[in-house]
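Throw the hints in and build the complete structure from the sequences for me.
There are 2 protein chains.
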Amino acid sequence: MKKLINAPEDVLAESLRGLALSHPELEVDLADRVILRATRKDEGKVALLSGGGSGHEPLHGGFVGTGMLDAACAGEVFTSPTPDQMQVATKAIDRGAGVLHIVKNYTGDVMNFEMGAELAAMDGIEVRSVVVDDDVAVQDSLYTAGRRGVGLTVLLEKIVGAAAEEGQDLAAVADLAARVNGQGRSMGMALTSCTVPAAGKPTFDLPDDQMEIGIGIHGEPGRHRVPLAPAKDIAAQLVEPILADLDFTGSPAIVMLNGMGASPLIELYLMYGEVATLLEKAGVRVARNLVGNYITSLDMAGCSVTVLKADDELLRLWDAPVVTPGLRWGA
Amino acid sequence: MKKLINAPEDVLAESLRGLALSHPELEVDLADRVILRATRKDEGKVALLSGGGSGHEPLHGGFVGTGMLDAACAGEVFTSPTPDQMQVATKAIDRGAGVLHIVKNYTGDVMNFEMGAELAAMDGIEVRSVVVDDDVAVQDSLYTAGRRGVGLTVLLEKIVGAAAEEGQDLAAVADLAARVNGQGRSMGMALTSCTVPAAGKPTFDLPDDQMEIGIGIHGEPGRHRVPLAPAKDIAAQLVEPILADLDFTGSPAIVMLNGMGASPLIELYLMYGEVATLLEKAGVRVARNLVGNYITSLDMAGCSVTVLKADDELLRLWDAPVVTPGLRWGA
Numbered sequence: 001m002k003k004l005i006n007a008p009e010d011v012l013a014e015s016l017r018g019l020a021l022s023h024p025e026l027e028v029d030l031a032d033r034v035i036l037r038a039t040r041k042d043e044g045k046v047a048l049l050s051g052g053g054s055g056h057e058p059l060h061g062g063f064v065g066t067g068m069l070d071a072a073c074a075g076e077v078f079t080s081p082t083p084d085q086m087q088v089a090t091k092a093i094d095r096g097a098g099v100l101h102i103v104k105n106y107t108g109d110v111m112n113f114e115m116g117a118e119l120a121a122m123d124g125i126e127v128r129s130v131v132v133d134d135d136v137a138v139q140d141s142l143y144t145a146g147r148r149g150v151g152l153t154v155l156l157e158k159i160v161g162a163a164a165e166e167g168q169d170l171a172a173v174a175d176l177a178a179r180v181n182g183q184g185r186s187m188g189m190a191l192t193s194c195t196v197p198a199a200g201k202p203t204f205d206l207p208d209d210q211m212e213i214g215i216g217i218h219g220e221p222g223r224h225r226v227p228l229a230p231a232k233d234i235a236a237q238l239v240e241p242i243l244a245d246l247d248f249t250g251s252p253a254i255v256m257l258n259g260m261g262a263s264p265l266i267e268l269y270l271m272y273g274e275v276a277t278l279l280e281k282a283g284v285r286v287a288r289n290l291v292g293n294y295i296t297s298l299d300m301a302g303c304s305v306t307v308l309k310a311d312d313e314l315l316r317l318w319d320a321p322v323v324t325p326g327l328r329w330g331a
Numbered sequence: 001m002k003k004l005i006n007a008p009e010d011v012l013a014e015s016l017r018g019l020a021l022s023h024p025e026l027e028v029d030l031a032d033r034v035i036l037r038a039t040r041k042d043e044g045k046v047a048l049l050s051g052g053g054s055g056h057e058p059l060h061g062g063f064v065g066t067g068m069l070d071a072a073c074a075g076e077v078f079t080s081p082t083p084d085q086m087q088v089a090t091k092a093i094d095r096g097a098g099v100l101h102i103v104k105n106y107t108g109d110v111m112n113f114e115m116g117a118e119l120a121a122m123d124g125i126e127v128r129s130v131v132v133d134d135d136v137a138v139q140d141s142l143y144t145a146g147r148r149g150v151g152l153t154v155l156l157e158k159i160v161g162a163a164a165e166e167g168q169d170l171a172a173v174a175d176l177a178a179r180v181n182g183q184g185r186s187m188g189m190a191l192t193s194c195t196v197p198a199a200g201k202p203t204f205d206l207p208d209d210q211m212e213i214g215i216g217i218h219g220e221p222g223r224h225r226v227p228l229a230p231a232k233d234i235a236a237q238l239v240e241p242i243l244a245d246l247d248f249t250g251s252p253a254i255v256m257l258n259g260m261g262a263s264p265l266i267e268l269y270l271m272y273g274e275v276a277t278l279l280e281k282a283g284v285r286v287a288r289n290l291v292g293n294y295i296t297s298l299d300m301a302g303c304s305v306t307v308l309k310a311d312d313e314l315l316r317l318w319d320a321p322v323v324t325p326g327l328r329w330g331a
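So the sequence lines, in the order shown, correspond to chains A and B.
Throughout the first sequence, residue numbering follows the numbering used here, covering 1 to 331 in sequence.
Throughout the second sequence, residue numbering follows the numbering used here, covering 1 to 331 in sequence.
Just to be clear, a hint being listed does not mean it is correct.
[Said to hold, decoys possible] Just a sample of chain A residues kept apart from chain B, beta carbon distances all over 12 Å, derived: (1) M115; (2) M122; (3) A145; (4) A172; (5) A199; (6) F204; (7) D233; (8) G283.
[To be verified] Sample of chain B residues facing chain A (criterion: CB under 7 Å; computed from the structure): (9) I5; (10) E14; (11) G18; (12) L265; (13) E267; (14) L270.
Simulated from the structure, these hints should not be mistaken for laboratory data.
Glycine included, each C-beta is placed from N, C-alpha and C at the ideal position.
Dropping the structure here:
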């Protein structure tokens, strides 16, 4: 295993320590593994909490800041954080207007966030939750009942974060989150496996001449293993299932071409060109886009495509200022 | 070779096409392979041109925009762009106040930028140049007489870009560039080789239990090959040669922990924690930092450290607004 780490069991703690040193505008609670804004938002505004297993950086800790999340709970690599982490975080960020929990649809995360919300309720904090399940690749998986939560999480955290920042109440923010989740779809692929530090070897074997289509963000199996193909064909294998699942014509779309961690930007831009061309041919009008590593799978090479059916309101919230380590514009 | 590409010979053209589709605020001249701001800066301001071989993205095209570069010339992967590309770009961005060429110290780039400057002079444009040579690893290399130009290029383009944006004249901007170059040092390492698309196989073999210290950004050999070591030791092997080369105490420092392309953010933040700790112990006060993939080497796993001795003026220029695909804050 070739990684820039010390002992595998210290990866998360030491990475959080580096994040804290790099970003003084964040408060990193190293004991509870919660990343918060060093300066809380104004009293009376809804707060946003997300979190999940680590290994998907910048998600979620890198999206804490003005216009996006108020806090993120970091679990061990590919392992859900615990309900007490969520309780600590929820309590720390509540400004009297309630807290929205943004949960990716994995069995462990859903269960723990439910318990976390119950604990927060006992603290007298109103909590609403949205479960993101945008992955069209598979219905159920190794870690999921129903569809997995993947790339749409990034877009949802940005848009809903803007709504919370401008003072929308908890019901409105939760409704918006549900609406965004209903209007977005994703599909990913891997050229290589990732290697979990504690395992020390690749999660799966993928021969030199094959790739996995419909992969999850933990290296869990996708739809099928197929021969390695040119970028043009890969783009089609990602875009077609998305368009088959939801009609994206007639509205502006926000599109993300996301890298899985080890694919360089020169390839991601190339892939974006292929994806944008296919979408245009299918009558989808791409109004905004994001190209880069936003929700990764450790050192996996590959990419995913997310398409969100937007409208003027969602575009306005998308364009609103955001100041986080992972996403930043307009301020 | 597992890459998100079509034919190897089309990688650059197709990646530039994707960049153009993703960033309408850029003008991408696909014929000449020049990336420009879609909206030129005001008349009377100094313009900045950089460029070099592709495969280091986001450098340089991703640093074109307000507060940084006015244009970048993209060569084939790891191959210098040509003098006529530089002539076209220089002419396109000159606003009557002259153009600064920012050149990384590689024999091909230096020669071609010299010819490009001569061609621009024949067009009546005043050109000054700075050659960046910050790599403490080796004195001469496969592609270089003298030290190689690496990570400092990113910091220099940001700082000098701010000076040009605020209206400093060509002499002042060129002097500033030379000063920044004199005050910064870098050192890199690789866990794995990169694979040039046209070659189709790794540039060098690096056994599973070894790493290369002092690597260049093209996979050219470093100082030595040593056994794989913990992050803490890697950090020491990068920081010590930098501190041995220049005294960084007594001034604030700007530090970049840069990924080589295939190392995920969870590892880069961990490495930053180790580097920041070593610098602090050595009496270096880190005033600003940057962690992420800024000057890469295709799909190489590894990282580099850059330290720049700053002062209030350099920090002010560092903090000035920048709006580019690769670096963005304050606007």
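Hint check results:
Under the 12 Å C-beta cut-off, the non-interface status given to M115 (chain A) relative to chain B holds; the minimum distance is some 26 Å. Distance check on M122 (chain A): its Cβ is at least 33 Å (rounded) from any Cβ of chain B, clearing the 12 Å threshold; non-interface status holds. Non-interface status of A145 (chain A) relative to chain B is upheld: no Cβ of that chain comes within 12 Å, the nearest being about 28 Å off. For A172 (chain A), the non-interface assignment is confirmed: its Cβ lies about 29 Å from the closest Cβ of chain B, beyond the 12 Å cut-off.
No beta-carbon of chain B is positioned within 12 Å of the beta-carbon of A199 (chain A); the least distance is around 15 Å. Every C-beta of chain B lies more than 12 Å from that of F204 (chain A), the closest at about 14 Å, which supports listing it as non-interface. Under the 12 Å C-beta cut-off, the non-interface status given to D233 (chain A) relative to chain B is violated; the minimum distance is some 9 Å. Non-interface call for G283 (chain A) relative to chain B: holds, since the shortest CB-CB distance, roughly 16 Å, exceeds 12 Å.
A hinted interface residue such as I5 (chain B) counts as satisfied when its beta carbon comes closer than 7 Å to some beta carbon of chain A; here the least separation is about 5 Å, so the hint holds. Proximity of E14 (chain B) to chain A holds as hinted, the smallest CB-CB distance being about 5 Å (cut-off 7 Å). With its C-beta approaching chain A no nearer than about 3 Å, G18 (chain B) sits inside the 7 Å limit, and its interface hint holds. Because the closest C-beta pair between L265 (chain B) and chain A is about 4 Å apart, less than 7 Å, the hint holds.
At its closest, the beta carbon of E267 (chain B) sits 4 Å from a beta carbon of chain A; the interface hint therefore holds under the 7 Å criterion. With a cut of 7 Å, the hint placing L270 (chain B) at the interface with chain A holds, because the nearest CB-to-CB distance is about 4 Å.
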